[in-house]
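Peer 1: Each chain is listed here by its residues.
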Amino acid sequence: MLRVEDAQVPVDFSPELISKFDDIVSRYPKGKQKSGLLPILHLVQAEFGWVSVPAMDKVAAYLEILPIEVYEVASFYTMYFLRPQGKYVLEVCRTSGCCLVGAEKIMDHIEQKLGVPEGEVTADGLFSWRGVECLAACGFGPVLQIGPEYTFYENLTNDSVDKLITDLTAKAKN
Amino acid sequence: MGRKLLLEHINVPGINTFDVYRSKGGYASVEKAIKTMSPDAIVEEVKKSGLRGRGGAGFPTGMKWSFLAKPEGVARYLVCNADESEPGTFKDRYLMTYIPHLLIEGMIVSSFALGANTSFIYVRGEMMPQIRILEKAIAEAKAKGFLGKNILGSGYDLELYVQPGGGAYICGEETALLESLEGKRGNPRIKPPFPAIAGLYGCPTVVNNVESIAAVVPIVNEGGDEYAKLGIGRSTGTKLISAGGNLKKPGVYEIDLGLPVEEFIYSDEYCGGIANGKRLKAVVAGGSSVPILPANLILKTVNNEPRLMSYESLSDGGFVSGTMLGSGGFIAYDEDACIVRNTWNFARFYHHESCGQCSPCREGTGWMEKVLHRLEYGHGRQSDMDLLVDISKKIEGNTICPLGDAAAWPVASAIRHFRDEFEWHVTNASEATTRNYGLAHYADPLPKLETA
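Going down the list, the sequences are from chains A and B. For the record, in the first sequence the residue sitting at position 27 is 121 according to our numbering, with numbers rising by one throughout. For the record, in the second sequence the residue sitting at position 240 is 652 according to our numbering, with numbers rising by one throughout.
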């Protein structure tokens, strides 16, 4: 659940981040800077783990557009998290090709392994998981991806999922 | 074995780098086009090639290019549609991952032909690794003088950028893609005006699929006539087919159009047959949006001739007994696959991905999903199949973009060909027998097929 305090946390865009915004906006014709909205929201999410209202307001100010123009985009596309997530979000493809080769069983296994239902965050804050629609890797299913790099894992088995979770847990602690 | 025009060098180590790609003849089409051909001559070669849009619609690419308006003093754009997210389709991801320079090369030649000085590759946001691969390849090409100002000393300037999407299947529709590229929700625009007249920022724009743009490279290198010699009839050239589901050897294959479907499924050169010694039950031949066909109809046309992998042969018989080549997303279902569950899976997908702009699609896809869910989970009614067909008819053709059709066809075709299985679910399915894609709960429904 989104907590009020999460939504209120002010964000600060570093000069490095702003510089990346500038680079993106330079690609478009003068006056068409709104084209940078999707890539900029990706950068914000990679930096903060999700896209909060204060962050969206700052993006709107940067792009010189209305905040509602940012909200409507962030809420339309599935990749933007509008509430805090685990450090690692396991996104499992749940569409036909992957389901034919066991994606639903993999999702059951992940739920059991992490002990949280779809969309919720583990107590240690490390993981959340969800089913997503076709990830365009139907020949190599079941597959999952993990942002912000969207690293891809193919031909999943219960064992490979266990190892992945173990490795990520160790990585987070080091 | 067919000719490999796109994937010939796919297994060469380092082919993702400029130097290795160049050593294999890469970027020759840019040199030929910019130094020896006029933009109109390139468009003419693409017309001669008979190349049809490889994203799914199959519209002639050269004709699409020739519609581009050319008003004085107005920018023109080429936008590559790399928002691959049609269930069953993964060829563009493969191509961009392993041989990114082929796409870059095609973008340069195509941009030159269309008079675009700024071009975009709109990649679905989930493909961040591919976005990084493309950005690196663009930087390499620019450093070697194939992009940027005064390409190869010709006076032609081109900037090429990669734009990530935000995760929305609808952005594969060209006008929704342009809306998204302008930083908006991916709501399709009403056509006309078509993008060729008013596209990105209201300027004349061509939107082409990754594979279509890559195919421009061999067309320019070898000539449109040579390309047109490959394939069969009006299905010219080669096609990337992404094969998934219950196949022994799933993967991306480049075929000459006209290859028999049976050979594609069963020969060792391609998919090697059905996994685990099972029988083939059904096939979705061109991505989830095309009608599903039972095994006997995917292997033979209405006239009992071998079905071929081509636009015409696959659609032979219309939607009663045929389907479409679409994007080449080929999903095979073995005898254990549950058609009801799969149809529900597709319906959920389209409901999830409907942009919500048109009422028939917004409401109808959700309604179909609910009815299919109750059928799958043991709460179905005998009238549900007629209800689903009725809903699908009310969506089809009544929406701004083709997503409504794409949602309707899989449901209508599944009921048309597998009605017995749906009816069986009404009386026999239950919560306890679902959550399993296998068909353990459904007694042998299949006619005994004798296949190769």
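Just so you know, the hints here were simulated from the structure itself, not pulled from any lab data. Ideal Cβ placement from N, Cα and C applies to all residues, glycine included. Do not rely on the hints blindly, as some may be mistaken.
Stated by the list, open to error - Below, computed lysine to aspartate or glutamate pairings styled on DMTMM-like, alpha-carbon distance capped at 20 angstroms:
| # | chain 1 | residue 1 | chain 2 | residue 2 |
| --- | --- | --- | --- | --- |
| 1 | B | Lys459 | B | Glu634 |
| 2 | B | Lys782 | A | Glu243 |
| 3 | A | Lys114 | B | Glu594 |
| 4 | B | Lys556 | B | Glu443 |
| 5 | A | Lys199 | B | Glu571 |
| 6 | A | Lys199 | A | Asp218 |
| 7 | A | Lys265 | A | Glu227 |
| 8 | B | Lys548 | A | Glu243 |
| 9 | A | Lys126 | B | Asp748 |
| 10 | B | Lys782 | A | Glu198 |
Unchecked claim - So the derived label-pair ranges between C-beta atoms look like this:
| # | chain 1 | residue 1 | chain 2 | residue 2 | range |
| --- | --- | --- | --- | --- | --- |
| 11 | B | Gly557 | A | Ser113 | 54 to 60 angstroms |
| 12 | B | Ala481 | A | Asp116 | 30 to 36 angstroms |
| 13 | A | Asp202 | B | Ser435 | 26 to 32 angstroms |
| 14 | B | Glu484 | A | Pro148 | 31 to 37 angstroms |
| 15 | B | Glu594 | A | Ala266 | 35 to 41 angstroms |
| 16 | A | Ile112 | B | Glu594 | 19 to 25 angstroms |
Peer 1: Find the hints from earlier in the document that the structure breaks and name them by number, from lowest to highest.
Peer 2: The structure breaks hints 2, 5, 6, 7, 9, 11, 13 and 14; every other hint is satisfied.
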